[in-house]
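So the protein lines, in turn, are chains A and B.
Just remember that this note's numbering sits 2 ahead of the position in the first sequence, which is counted from 1.
Just remember that this note's numbering sits 16 ahead of the position in the second sequence, which is counted from 1.
Honestly, the hints are just simulated from the structure, not real lab data.
Do not rely on the hints blindly, as some may be mistaken.
[Unchecked claim] Taking lysine-lysine and the DSS-like style, the derived pairs with C-alpha atoms no more than 27 Å apart in a straight line are: (1) A/Lys867 <-> A/Lys90; (2) A/Lys709 <-> A/Lys90; (3) B/Lys41 <-> A/Lys465; (4) A/Lys462 <-> A/Lys867; (5) A/Lys793 <-> B/Lys86; (6) A/Lys867 <-> B/Lys41; (7) A/Lys163 <-> A/Lys225; (8) A/Lys871 <-> B/Lys41; (9) A/Lys626 <-> A/Lys592; (10) A/Lys163 <-> A/Lys263; (11) A/Lys626 <-> A/Lys561; (12) A/Lys462 <-> A/Lys860; (13) A/Lys402 <-> A/Lys860; (14) A/Lys283 <-> A/Lys163; (15) A/Lys561 <-> A/Lys793; (16) A/Lys462 <-> B/Lys41; (17) A/Lys402 <-> A/Lys462; (18) B/Lys125 <-> A/Lys465; (19) B/Lys86 <-> A/Lys462; (20) A/Lys559 <-> B/Lys86; (21) A/Lys709 <-> A/Lys592; (22) A/Lys595 <-> A/Lys709; (23) A/Lys793 <-> A/Lys559; (24) A/Lys267 <-> A/Lys154.
[To be verified] So, partial list: chain B residues that the calculated Cβ filter (under 7 Å) puts toward chain A: (25) Leu49; (26) Gly53; (27) Ile54; (28) Ala70; (29) Asp74; (30) Pro76; (31) Asp82; (32) Asn98; (33) Asn101; (34) Ile104.
[Unchecked claim] A few chain A residues that don't get close to chain B, going by computed Cβ distances all over 12 Å: (35) Ser325; (36) Ile753; (37) Tyr755.
C-beta: ideal position from N, C-alpha, C; glycine also.
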Amino acid sequence: ISSTRDTYCRHRFKHFKVASGWRLTDSMAATNQGTLFRSEVMCRSQLYLPPEAAYNCVAELGELGLVQFVDVNPDVSNFQRQFVNEVKRCEEMERKLRFIEVEVIKEDLNIDEDETEPSAPAQREMVELEQNLTTVENNLKEVNKNYVELRKSNLELTEYKCMLKQADTFLSETRISLDTDEQTNIEDDGDKREDSMKFNIVAGVLDRSRQHTFEKMLWRVSKGNVFTRFFEIQEPIEDPKSGQSLHKTIFMIFFQGEELKIRVKKICEGFHANVYLCPDKARERDELIQGMLTRLDDLNTVLNQTTEHRHRLLLAACRTLRSSYVKVRKMKAVYHILNQFSLRDAQRVLIGECWMPVSDIPAIRMAINAGAQAAGSSVTPTIERVPTTEEHPTFNRTNKYTEGFQNLIDAYGMNSYREVNPSVYTIATFPFLFAVMFGDAGHGLIMLVAALVMIIWENKLEKTMKSSEIFSIFFAGRYIVFLMSIFSIYTGLIYNDVFSKSVNIFGTHWMTNMNFTANSSHPLSLETNFMLDPKSIAQYRGNPYPFGIDPIWQTAKNKIGFLNTYKMKISLIFGVIHMTFGVMLSLWNKILKRHYHEIILEFLPQLFFFLCLFGYLILIIFIKWMLYGANYTDQYSEHCAPNLLITFINMVLFKKADVDPKLEKCHVDGFNYEIYMFPGQSGLQKFLIVYGLLMVPVMLFGKPAYKYYKMREARRRQGDAMRQDLLGNTADHEDEESIGDTMMYQAIHTIEYVLGSVSHTASYLRLWALSLAHAQLSEVLWSMVMQIALKSGGWVGAIMLYVIFAFWAVLTISILVLMEGLSAFLHTLRLHWVEFQSKFYHGDGYGFVPFSFRSVLKEAAADDKEVMKTLR
Amino acid sequence: QTCLIHFIKRYCKPNPERMALCGPKLSLCCTVLSAWGIIQLMLMGVFFYVRSVALIEDIPLEEEYDQMSKLHTDMENGYQQNAYNCWIAALLYLVTLCISVQQFWMNNKSTYRV
Numbered sequence: 003i004s005s006t007r008d009t010y011c012r013h014r015f016k017h018f019k020v021a022s023g024w025r026l027t028d029s030m031a032a033t034n035q036g037t038l039f040r041s042e043v044m045c046r047s048q049l050y051l052p053p054e055a056a057y058n059c060v061a062e063l064g065e066l067g068l069v070q071f072v073d074v075n076p077d078v079s080n081f082q083r084q085f086v087n088e089v090k091r092c093e094e095m096e097r098k099l100r101f102i103e104v105e106v107i108k109e110d111l112n113i114d115e116d117e118t119e120p121s122a123p124a125q126r127e128m129v130e131l132e133q134n135l136t137t138v139e140n141n142l143k144e145v146n147k148n149y150v151e152l153r154k155s156n157l158e159l160t161e162y163k164c165m166l167k168q169a170d171t172f173l174s175e176t177r178i179s180l181d182t183d184e185q186t187n188i189e190d191d192g193d194k195r196e197d198s199m200k201f202n203i204v205a206g207v208l209d210r211s212r213q214h215t216f217e218k219m220l221w222r223v224s225k226g227n228v229f230t231r232f233f234e235i236q237e238p239i240e241d242p243k244s245g246q247s248l249h250k251t252i253f254m255i256f257f258q259g260e261e262l263k264i265r266v267k268k269i270c271e272g273f274h275a276n277v278y279l280c281p282d283k284a285r286e287r288d289e290l291i292q293g294m295l296t297r298l299d300d301l302n303t304v305l306n307q308t309t310e311h312r313h314r315l316l317l318a319a320c321r322t323l324r325s326s327y328v329k330v331r332k333m334k335a336v337y338h339i340l341n342q343f344s345l346r347d348a349q350r351v352l353i354g355e356c357w358m359p360v361s362d363i364p365a366i367r368m369a370i371n372a373g374a375q376a377a378g379s380s381v382t383p384t385i386e387r388v389p390t391t392e393e394h395p396t397f398n399r400t401n402k403y404t405e406g407f408q409n410l411i412d413a414y415g416m417n418s419y420r421e422v423n424p425s426v427y428t429i430a431t432f433p434f435l436f437a438v439m440f441g442d443a444g445h446g447l448i449m450l451v452a453a454l455v456m457i458i459w460e461n462k463l464e465k466t467m468k469s470s471e472i473f474s475i476f477f478a479g480r481y482i483v484f485l486m487s488i489f490s491i492y493t494g495l496i497y498n499d500v501f502s503k504s505v506n507i508f509g510t511h512w513m514t515n516m517n518f519t520a521n522s523s524h525p526l527s528l529e530t531n532f533m534l535d536p537k538s539i540a541q542y543r544g545n546p547y548p549f550g551i552d553p554i555w556q557t558a559k560n561k562i563g564f565l566n567t568y569k570m571k572i573s574l575i576f577g578v579i580h581m582t583f584g585v586m587l588s589l590w591n592k593i594l595k596r597h598y599h600e601i602i603l604e605f606l607p608q609l610f611f612f613l614c615l616f617g618y619l620i621l622i623i624f625i626k627w628m629l630y631g632a633n634y635t636d637q638y639s640e641h642c643a644p645n646l647l648i649t650f651i652n653m654v655l656f657k658k659a660d661v662d663p664k665l666e667k668c669h670v671d672g673f674n675y676e677i678y679m680f681p682g683q684s685g686l687q688k689f690l691i692v693y694g695l696l697m698v699p700v701m702l703f704g705k706p707a708y709k710y711y712k713m714r715e716a717r718r719r720q721g722d723a724m725r726q727d728l729l730g731n732t733a734d735h736e737d738e739e740s741i742g743d744t745m746m747y748q749a750i751h752t753i754e755y756v757l758g759s760v761s762h763t764a765s766y767l768r769l770w771a772l773s774l775a776h777a778q779l780s781e782v783l784w785s786m787v788m789q790i791a792l793k794s795g796g797w798v799g800a801i802m803l804y805v806i807f808a809f810w811a812v813l814t815i816s817i818l819v820l821m822e823g824l825s826a827f828l829h830t831l832r833l834h835w836v837e838f839q840s841k842f843y844h845g846d847g848y849g850f851v852p853f854s855f856r857s858v859l860k861e862a863a864a865d866d867k868e869v870m871k872t873l874r
Numbered sequence: 017q018t019c020l021i022h023f024i025k026r027y028c029k030p031n032p033e034r035m036a037l038c039g040p041k042l043s044l045c046c047t048v049l050s051a052w053g054i055i056q057l058m059l060m061g062v063f064f065y066v067r068s069v070a071l072i073e074d075i076p077l078e079e080e081y082d083q084m085s086k087l088h089t090d091m092e093n094g095y096q097q098n099a100y101n102c103w104i105a106a107l108l109y110l111v112t113l114c115i116s117v118q119q120f121w122m123n124n125k126s127t128y129r130v
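Next up, chain A with everything else stripped away, as it sits in the complex (with noise of 0.2 Å):
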């Protein structure tokens, strides 16, 4: 430890890089509290802590939850770690905590859920808990086996009651066929004459499902030569063991001889029947009717009392039984991380190595010392900083409202170690790009309405939450939802569209004037149209409707192409400014790493790059909507306007546009107006693409040639002071290598950035289509569905209206504001991802996962869900 120690000292302030390439200093890390911007400054510990103390204080840190313990020795088996009985123990314990818990199920009983989460428990505390499991599994396996020996004699008795009642009827009813004499036995006598006089008789209870089968095998075998008796028992009775109720018949079977008997005792023994023996005369059968009645009762005082003590049993156990769960699963998971420190020091101090936010140290300082100090140990555990060339693990700090978009960009990839942060962003720009693709404000007001039910009552929902995986998906984001609402509601607006109708607030500035008129020859269909021409005061004001699109467009014939040039343009200009900010966010990804060269050799070219073509483009266009105008005159009027699309691919292509004889006004000085808008502008645009053009060469050569340039620089001053240090060798080693990886890198990443600047500004236009789309659905919707019981007329218009209403909202909710909304929260997810965060983002960082009592519940919690679904 101490050599690197020293090597870190010596090169803080020069060559030093960690791996990941981010410097960090000591004072930035002071003045770099936690934002989001960024990730926090992680630093990398060891913790110092008294064995006695070692429990305590890894709880605390558990109920902080800001920790994430490293595995300091990763060759070790897990048997042959420190900890691991006691982890073997905590086992047990669940095991015997399950078996618990599925006899309360059983028995239909509230588990208690608790208020308040208990702590982990002391060790003391554990080995009570301990023998309070045993016992109670040990005297709940023994009740049920008591329960289920009750369970068979109450089973027999009552069978046996059943057939001797039936038995009795039956005899008494047959007597005077079978007996001719009331005192002979029907015993076996020696006696070959009274032998054929004599009856057999067994008797039984057996399934009613066999009973068929049992006649016909009787029958066979006795060769037909003996009588059988059957008496269904109307109740069924329930099976012991398996708790299924069984329909169940008594028969009677009568025969003489002693061989069939034989025969017909093996017979009930393979169909499994229930043999009892019959007493031939009523007497006796009486007295045994009473007696079984008198064992029946008290067989069933027996069974209500071993019920009620199991009832009792279960009772007891499921008031502690969620805290004890917790309290064991915290108790493991504190064994768990003990099992990664080591024993040092001739087992004095454990030693373990952590990843912790640096702003948190005093905090965590507090949790182990109130650890140390609850187990009364002399000894303060310390916190040790130890720096390491590991990639640091990235922590945003996020609360409920920012969690859902750093999830969002967690999707794609987790930040880079200190890395400027896009979800701060996202939380403006997302909702906004959503907005403009789902522009309607009637169906915002729905989201609206969703996303407010789910805040407000998201303290009540979240317990429900877990029941359906759909809805947590969506109550987790009900934030991004309501941003999203409110944006659209806005942009609703602005396209003037509130369920596919506009609403006319501030009065439209178009005005017809028109005497309409119609008479026999001449009818009016409704079918003409009539053309409005911007130009007249008569018809349209002169200046445009304060907020949004004039709600005229929605009962013109041309209302789709006008919007569509006005969508194109702004999704042009809504993706080449947002694609714009990616890269400045680079050149601040830039500063922080201190490569003040790529500024020049890569932020530089790109920015300018970008702009001198896309960023012209914009230009133009606001150009060519500030200039041109329906009632400007000469040159500036509506016929000269030049297509923005040919101007810029003849830029491109270095092309010269042909002059239109037909327009002659625009025409003027000498200069074609209808093809360049502005004197100049061809010496413009040919300088602009040379320039950008010249850029790309910059960007594919700039950086591999500054390397090699600073490689010879490094080698002459190692050849005239002869270093040894082992940094320089490596740098130099490194530096040799990397220059063909850095040129391999650098045409990678320009091609992207060249081709991806035209591909993805094209991408852009989606927000053009998708609100298209959107808009003429929900039209369709409206004009197929809603219209029927509008245009129906008359009275019974209001039944139709009445349940079409019900169908249109039905589809209203399914398909624009689900299907589309997911559509186009799609593809403005894309747009982040890929059109944005290609700019700047790196986004190989992995996450911090901190120890924390609560993520190890959860985690419990849904393993639980699992195994209770299999067990049932």
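Since chain A is already given, all that's left is putting chain B on it; use the hints.
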């Protein structure tokens, strides 16, 4: 007589459960739908009543007209009729709202009771 009392008790006891025609989810959906229907149909009725131009394509008109006066009367009647239709449908949704809210409370109460 005891038989009669028994019979009446058995007949009347499941009555509270019998009132729950639809489950909790359906009644919640109907409540939301009815509330939305009332608000939107009231507003649509108001817009038809003030002869809003945006709704001109939603009134029943013929393809061709020989006389302007007929077009005027058709438009007036169409707007008026649609306004009344919207308000009547809104009233019907009010009734539906009452029923579904009552169903919803019925369902909630029965879950508490059990």
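Original post:
For the pair supplied as a hint, A/Lys559 and B/Lys86, is the alpha-carbon distance within the 27 Å limit?
Top reply: holds (25 Å)
Subject >> Status of the hint placing B/Asn98 at chain A (closest C-beta pair under 7 Å) >> reply: holds (6 Å)
Subject >> Reported absence of A/Tyr755 from the contact zone with chain B (all CB gaps over 12 Å) >> reply: Holds, because the least Cβ-Cβ distance between A/Tyr755 and chain B comes to about 47 Å, which exceeds 12 Å.
Original post:
Taking only the CA atoms, is the gap from A/Lys283 to A/Lys163 under or equal to 27 Å?
Top reply: OK: A/Lys283 and A/Lys163 at ~16 Å, within 27 Å.
Original post:
Is A/Lys626 within 27 Å of A/Lys561, Cα to Cα?
Top reply: holds (21 Å)
Original post:
Does A/Lys267 pair with A/Lys154 here, judged by a C-alpha cut-off of 27 Å?
Top reply: holds (22 Å)
Original post:
Taking 27 Å as the top limit, are the C-alpha atoms of A/Lys163 and A/Lys263 close enough?
Top reply: holds (23 Å)
Original post:
If you draw a straight line from the CA of A/Lys867 to the CA of A/Lys90, is it 27 Å or shorter?
Top reply: Within the cut-off at roughly 22 Å; holds.
Original post:
Holds or violated: are the alpha carbons of A/Lys793 and B/Lys86 at most 27 Å from each other?
Top reply: Within the cut-off at roughly 17 Å; holds.
Original post:
Per the CB criterion, is B/Asp74 less than 7 Å away from chain A?
Top reply: At about 4 Å, which falls below the 7 Å cut-off, the nearest Cβ of chain A leaves the hint on B/Asp74 intact, so it holds.
Subject >> Reported absence of A/Ser325 from the contact zone with chain B (all CB gaps over 12 Å) >> reply: holds (27 Å)
Original post:
A/Lys462 and B/Lys41: Cα distance at most 27 Å?
Top reply: OK: A/Lys462 and B/Lys41 at ~17 Å, within 27 Å.
In terms of the numbered hints stated before, the structure departs from hints 2, 7, 9, 19 and 27, listed from lowest to highest.
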